Amino acid sequence: MIDAQIINVTNDVKWIGILDESLVTFDVVMETKYGSTYNSYFINAEKKVIIETAKENFTEIYLNKVKQVVTPESIDYIIMNHTEPDHSGCLRHLLKIAPNAVVIGSGNAIRYLQDIVDIPFKSKQVKNGDTLNLGNKTLKFIAAPNLHWPDTMYSYLVEEKILFTCDSFGSHFCKKEMFDDLVPNFDDAYQYYFDVILKPYSKFMLKAIEKIKQLEIKTICTGHGPILRTYWKKYVDLYC
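In my numbering, the protein residues as written are 5 to 244.
Please note: incorrect hints may appear among the correct ones.
To be verified - The calculated lysine-lysine pairs, modelled on DSS-like cross-linking and capped at a C-alpha distance of 27 Å, are:
id, residue 1, residue 2
1, K18, K207
2, K180, K71
3, K128, K211
Stated by the list, open to error - Pair by pair, the computed Cβ-Cβ distance ranges are:
id, residue 1, residue 2, range
4, T135, V73, 22 to 28 Å
5, V73, R115, 35 to 41 Å
6, D191, E64, 32 to 38 Å
Just so you know, these hints were derived from the structure itself, not from any lab.
Being a predicted model, the structure only gives us computed values, none of them experimental.
C-beta atoms are modelled at their ideal positions from N, C-alpha and C, and glycine is treated no differently.
Assemble the whole structure, with the sequences as input and the hints as a guide.
In structure tokens form, the structure reads like this:
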């Protein structure tokens, strides 16, 4: 599969992630018979924003996608909801071409990234309820720790009603169509992903779900697998 596609989630939000169709195992212990995706997103607001990056193996492809949607020097913020290498692997390389970007994350995320990235970078720590003014749009941050690392948080794009959830509500399922209403049924991959990665942290998952119940959501942009735009309520309910 030649992975050159960029997908419009909305007019101002684009998927710039990676399709990894050939992945057969994840973190050694997890079978990925459907492959996986490393989902990254670009928000085209007055302030330019990247949401997470991708696995380092795909740096060249990933950076080419970034350059197709934005001049790297004009990137204002890089939001890291989670810092596991499949989310942060390209960050060091992105920062080299986006020297003006400020990395946003939880306190734990910023501390982890100082070791992971191993180069100086501008950063800002955020906590639950904090907001980030993008000029004509607003991001709100929701603490969601221990899903499945202590660093995790969600980011909510208020005007678009899009929730970016890193590992939560994800699946290792790779199809180029990318949306839950366009891909084949992936319920087994979704359940398996939850059982292996998130079920041990169910009490934290339920707390996070309580926090997002107050939000008006149109779309959930996950870190792996299909973007949930039509059946997101179904998939959230499967966690309860």
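Each hint, compared with the structure:
no., hint, in the structure
1, K18 with K207, "violated, 32 Å"
2, K180 with K71, "holds, 20 Å"
3, K128 with K211, "holds, 25 Å"
4, T135 with V73: 22 to 28 Å, "holds, 24 Å"
5, V73 with R115: 35 to 41 Å, "violated, 29 Å"
6, D191 with E64: 32 to 38 Å, "holds, 34 Å"
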